[in-house]
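Residue numbers (the numbering used here), protein chains in the order written: chain A, 44 to 386; chain B, 44 to 386; chain C, 44 to 386.
If you're looking for bench data, these hints aren't it; they were derived computationally from the structure. Errors might be hidden in some of the hints.
Since the list gives no way to pick out one identical chain from another, each pair is judged satisfied if it fits inside one copy or across any two copies.
[What the hints assert, rightly or not] Listed below are the simulated DSSO-like cross-link pairs for lysine-lysine, each with C-alpha atoms no more than 30 angstroms apart in a straight line:
{"#": "1", "residue 1": "K379", "residue 2": "K336"}
{"#": "2", "residue 1": "K333", "residue 2": "K379"}
{"#": "3", "residue 1": "K333", "residue 2": "K355"}
{"#": "4", "residue 1": "K379", "residue 2": "K355"}
All values derive from a computational prediction rather than experimental measurement.
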Amino acid sequence: MPDTRFFEIVGPLTVEQLSEVSGAAIAEGHARDKLVKDVAPLESAGKDDVSFLDNPLYLSALSTSEAGVCIIHPERFKNAPDEMTLLLSENPYLAYAKVAAAFYPEAKPDELCDENSFIHATAEIGQGTHVSAGVVIGANAEIGSQCEIGPNAVIGPGVVIGDECRIGPAATVQYSIIGSKVRLFAGVRIGEAGFGFATGSDGHFTVPQLGRVLIGNNTEIGANTTIDRGSSADTVIGQGCRIDNLVQIGHNVILGDGCIVVSQVGISGSTQLDDFVVVGGQVGFSGHLKIGKGVQIAAQSGVMNDLAAGGKYSGSPAVPMRQWIKQAAMLRSMGKKKANKDG
Amino acid sequence: MPDTRFFEIVGPLTVEQLSEVSGAAIAEGHARDKLVKDVAPLESAGKDDVSFLDNPLYLSALSTSEAGVCIIHPERFKNAPDEMTLLLSENPYLAYAKVAAAFYPEAKPDELCDENSFIHATAEIGQGTHVSAGVVIGANAEIGSQCEIGPNAVIGPGVVIGDECRIGPAATVQYSIIGSKVRLFAGVRIGEAGFGFATGSDGHFTVPQLGRVLIGNNTEIGANTTIDRGSSADTVIGQGCRIDNLVQIGHNVILGDGCIVVSQVGISGSTQLDDFVVVGGQVGFSGHLKIGKGVQIAAQSGVMNDLAAGGKYSGSPAVPMRQWIKQAAMLRSMGKKKANKDG
Amino acid sequence: MPDTRFFEIVGPLTVEQLSEVSGAAIAEGHARDKLVKDVAPLESAGKDDVSFLDNPLYLSALSTSEAGVCIIHPERFKNAPDEMTLLLSENPYLAYAKVAAAFYPEAKPDELCDENSFIHATAEIGQGTHVSAGVVIGANAEIGSQCEIGPNAVIGPGVVIGDECRIGPAATVQYSIIGSKVRLFAGVRIGEAGFGFATGSDGHFTVPQLGRVLIGNNTEIGANTTIDRGSSADTVIGQGCRIDNLVQIGHNVILGDGCIVVSQVGISGSTQLDDFVVVGGQVGFSGHLKIGKGVQIAAQSGVMNDLAAGGKYSGSPAVPMRQWIKQAAMLRSMGKKKANKDG
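With these hints in hand, go ahead and build the complete structure from the sequences.
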C-alpha cells in the first residue's frame with residue numbers, strides 16, 4: 044500500500060467503476076459491485092486490492108496471488124485463480140495505469156501564489172495555478188490555468204506555458220513556448236544557449252543563440268535533462284513524448300510526436316527524429332541526421348548516419364540489429380577461443 | 044596548504060594524536076610529541092606537515108619529500124628518508140583520510156533556521172539543524188538533528204531525514220525516507236516519478252508512481268544525480284554507498300550496502316545490485332537484472348544479463364574481464380593488420 | 044526573425060558597420076551604405092537581412108536565397124546571386140557570429156541587487172552587477188563588476204568571481220576562484236567535493252576534499268555540468284574553454300586553454316588535457332592520464348592511456364582513428380558475412 048505520507052487515495056471504487064475508467068471488460072459472471080480499495084502488485088495484493096498481469100514472466104505470481112481483482116489479457120483467463128474477479132483488456136498495463144490514476148489523482152493545490160514567490164508585475168498567471176515558495180517568474184511570462192509550479196523553479200521572461208502543466212522543483216525554463224499538460228521534472232534546463240561558437244585565431248567566439256524551445260502538449264521531460272534553444276530556427280519537441288532523466292538535446296533538434304528517449308541519451312544539434320522513435324539509454328547521435336518514423340535504437344548505440352523508418356538498430360557505430368547480433372556473437376566467440384588457446 | 048577562504052583548520056596536533064585518530068602506529072623510537080600543523084601531498088609538504096604514501100607509483104616522491112611526518116605501509120619503511128617521522132598503517136590512505144578529517148572537521152553551522160527559508164508550519168526540524176536561505180520544506184516533513192540543509196534546497200512534503208545529514212545547495216528530495224549521516228550533493232533529484240507509462244492507440248499514458256526512495260545510513264550521492272521513486276515497491280539504496288555525480292537510478296532499483304557507482308552510470312528499472320558491487324563510469328544496466336555480491340564492472344560496459352557474485356566484467360555487452368581483454372586485443376590486431384595491408 | 048519576446052534587436056546597421064564589427068571585407072563595388080535590419084538563415088532571409096554560408100552543403104541554398112547581404116568565403120563569390128551584397132571572410136561563421144552579436148547584444152540588467160536575494164553582509168558585489176531574485180551569496184564572497192547572477196543561483200562563502208561573468212539560474216558555485224567573462228549555464232555544480240574515500244574493513248571513509256576549482260577567463264560551462272573541487276591540489280579549467288551540458292569533471296583534473304568538451308563526457312580524477320584538446324560527446328577518460336595538445340577524440344570513445352599531441356583517436360578502448368576505421372569496417376563485414384551464411 045502506498046505510503047500515506049506521500050499519496051492520497053480516493054475510493055473505494057466498484058469493479059464496474061474500474062471497468063469504466065480503464066476500458067477493461069468485466070469477465071462474464073464476475074461481481075460488478077465488488078468494492079476495491081487500492082492497487083497492489085500481484086505478490087502483495089490482498090482481497091480488497093486490484094492488480095494486473097502484463098509480463099508473462101509473472102504468470103506464476105498470478106496463480107498464487109490473493110488479489111481480489113486482477114486486470115489480465117483475455118488469453119490469460121485460465122491462468123487466474125477461480126476466486127479472482129477478472130477485468131479483461133488487450134492492454135492490461137494501460138488499463139492498470141488508468142485504474143491507478145483513478146485511485147491516486149494528482150493532488151490539486153489548495154493555495155495559490157505563495158507569498159514567498161517572486162513574480163514580475165507584468166507576468167500573467169492563470170486561474171487555479173499554484174506557484175510554490177521560492178519560484179521566480181520573469182517579465183511578461185504567461186502561465187496557463189491549473190498549473191503547478193514547484194518550489195524554487197525559475198520561469199524566464201516571455202516564456203509561455205499552457206494549461207494543466209506541472210513544472211518540477213528547481214526546474215528552469217527560458218526562451219520557450221510550452222503546450223498544455225506538459226510535465227517538466229525537477230532540475231530540467233529548458234532553453235539554455237546551444238553549444239555554438241566560431242573558432243578564430245584568438246579562440247572561440249560564442250554565436251548568439253536566437254531561437255527558442257517549443258514543446259508540444261502532453262510531453263514529459265525527466266529530471267536534470269537539458270534541452271538547448273535553437274540557434275536561429277527553434278528546437279522542437281513534439282506532442283506526447285516521454286523523455287527520461289539526464290538526457291541532452293542540442294540546439295535545432297526536432298523530435299516528432301510520441302518519441303521515447305531513455306535516460307542519458309545525447310542528441311547533437313539539428314538531428315531530427317520522426318514520430319514514435321524509441322531510443323534506449325545512453326545512445327548518442329551525431330548532428331544533422333534524419334531518423335525515420337518508428338525507428339528503434341538499442342541502448343548505448345552510437346548513431347552516425349540517417350536511419351530509414353521502421354528499422355531496429357544497435358551498436359556503435361549503429362548497424363541493423365540483426366547484423367549487430369552476429370557481430371556480438373563473433374566477438375564473443377573470438378574472445379573465448381583466444382582465451383582457450385592461451386589457457 | 045588549503046585555501047583558508049574555504050577551509051578552517053584546527054591544531055596543531057601531536058604525532059600521538061594523529062596516531063590515535065587514524066589507528067596508525069608510531070614507528071619505534073619516532074617522536075610522539077612532535078607538533079604537526081597541516082596535511083599536504085608528498086611533493087609540497089614541509090617539516091610541519093603530515094603526508095602519506097599509498098600508490099607505489101609515488102615511491103620516488105617519498106624519497107625526496109620534506110614532509111615532517113608521513114603515513115606509510117610498514118613494508119615501505121626503508122624507502123622513507125631517515126629524518127621523517129613515520130606512522131605505519133596497513134591502509135595508509137584510510138589513515139590519512141582520518142587525519143585530514145581531524146585537521147579539517149566539517150564546519151558546524153552557527154545560525155539555525157535562516158529567516159529567509161520557507162518552512163511549512165507542520166514540518167519538524169531537529170535540534171542543531173541549520174536550514175539555509177532559500178530552502179523550502181513541505182508539510183509534515185521531519186528532519187533530524189545536526190543536519191545542514193544547503194541554500195535553495197527543496198524538501199518535499201512528508202519526507203523523513205535522519206540525523207547529521209548534509210543536503211547540498213539546490214538539491215531536491217521528495218517521496219523519500221533517508222537515514223542518518225547521509226550526504227546529498229548539490230542538485231541531486233531524489234524521488235521524482237519513474238519513467239513509467241503504458242502505450243495505447245492514442246499515445247503514452249503515465250502510470251502513477253506510488254513508491255518511495257529509501258536511503259540507508261552513511262550513504263553519499265553526487266551532484267546532479269537522479270534517483271527515481273518506486274512504481275509501487277520502493278527504490279532502495281543501502282548503507283554506506285558512494286554514488287558519484289550525474290548517475291541515473293531508475294524506479295524499483297535496489298542497491299545493497301557499500302556499493303560504489305562512478306559518474307554517469309545508468310541503472311534501469313528493477314535491477315538489483317548486491318552488497319559491495321563496484322561500477323565504473325558510464326556503465327549502463329538493462330532492467331530487471333540481478334548483480335551478485337562484490338561484482339566489479341569496468342567503465343563504459345553495457346550489462347544485459349545477470350552477473351554472478353565476485354566476478355569482474357567489461358565490454359558492451361559485458362563479458363568476463365579475461366574474455367574482454369582477448370576480444371580487445373584481437374580487435375586491435377585486426378585494425379593494425381588491415382591498416383598495414385592497405386597502407 | 045528571432046522572437047521579440049526573448050531577444051531585443053538594435054539597428055539597422057549599414058554594410059560598412061557589419062564589415063567593421065566582423066572583419067569581413069565588402070566585395071568590390073558592393074553597396075557600403077545599404078541598411079541591414081536583422082540576421083537570418085539563407086532559406087528564410089529577405090532583402091533586409093544578412094545571412095552567411097559556411098558549410099558547402101548549403102551551396103544550393105545560397106543560389107536561391109533572397110538574403111540582401113551574405114557573408115561568404117572569397118572562393119564562393121561566384122556561387123552567389125548577382126543582386127546579393129557580399130561580405131568576404133576566410134571564416135564566414137566567425138564573422139557571422141560577430142555580426143549577430145552586434146544585432147543582439149547581451150541585455151544589460153537595469154535593476155541591481157534584487158530585494159528578494161539573500162546576500163551575506165560580508166560579501167562584496169561589484170558595480171553594475173545584477174543579482175536576481177532568490178540568489179544566495181555566502182560570507183566573504185567577492186563578485187566583480189557587470190556580472191549577471193541568475194535567479195536562485197547559489198554562490199558559496201569565499202568564492203571569487205571576476206568581471207562580466209554570467210551565472211545561470213539555479214547554478215551553484217562553491218570553493219572556487221573564477222576569472223572574468225566566464226559563463227556558467229543553469230544548474231552547473233562547481234566545487235562540490237570530489238569522489239574520494241578510503242575503504243577500510245568497516246566501509247568507505249570519506250577523504251576531506253581540501254582543494255578548489257579554478258576557472259580561466261572567457262570559459263563557458265554548460266547546463267547541469269559538474270566540476271568537483273580538488274582533493275588537495277586544485278581542479279583547473281583553462282581560459283577560453285567551451286564545455287557543453289551534463290559533463291562530469293573529477294577532482295584534480297586540469298584542462299588547458301581552448302579545450303572543447305562536448306556533452307556527457309566524463310573525465311576521471313587527475314587526468315590532464317593540454318591546450319585545444321577536442322572531445323566528442325559521451326567520451327570517458329580514466330584517471331591520471333595525460334592528453335597532448337590538440338588531440339581530437341571521437342564521440343563515445345573510452346580513453347585508457349596517455350595520448351600524444353596532435354593525434355585523432357576513436358573507439359573504446361581508444362585507438363588511432365585510422366586503426367579504428369579499419370576495426371569498424373572489419374566488424375561490419377563480419378556481421379554481414381555471418382548474416383548471409385545464416386540467412
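Hints, verified against the model:
For the homomeric pair K379 and K336, the shortest alpha-carbon distance between copies (25 angstroms) is at most 30 angstroms, but the shortest distance inside one copy (39 angstroms) is not. In this assembly of identical chains, K333 and K379 lie within 30 angstroms of each other by CA distance solely across copies; the values are 24 angstroms between and 38 angstroms within a copy. When the C-alpha separation of K333 and K355 is checked against a cutoff of 30 angstroms, the pair qualifies both within a copy, at 15 angstroms, and between copies, at 26 angstroms. Proximity of K379 to K355 under the C-alpha cut-off of 30 angstroms is found in both arrangements, the shortest distances being 28 angstroms within a copy and 15 angstroms between copies.
Checked against the numbered hints given earlier, this structure breaks none of them.
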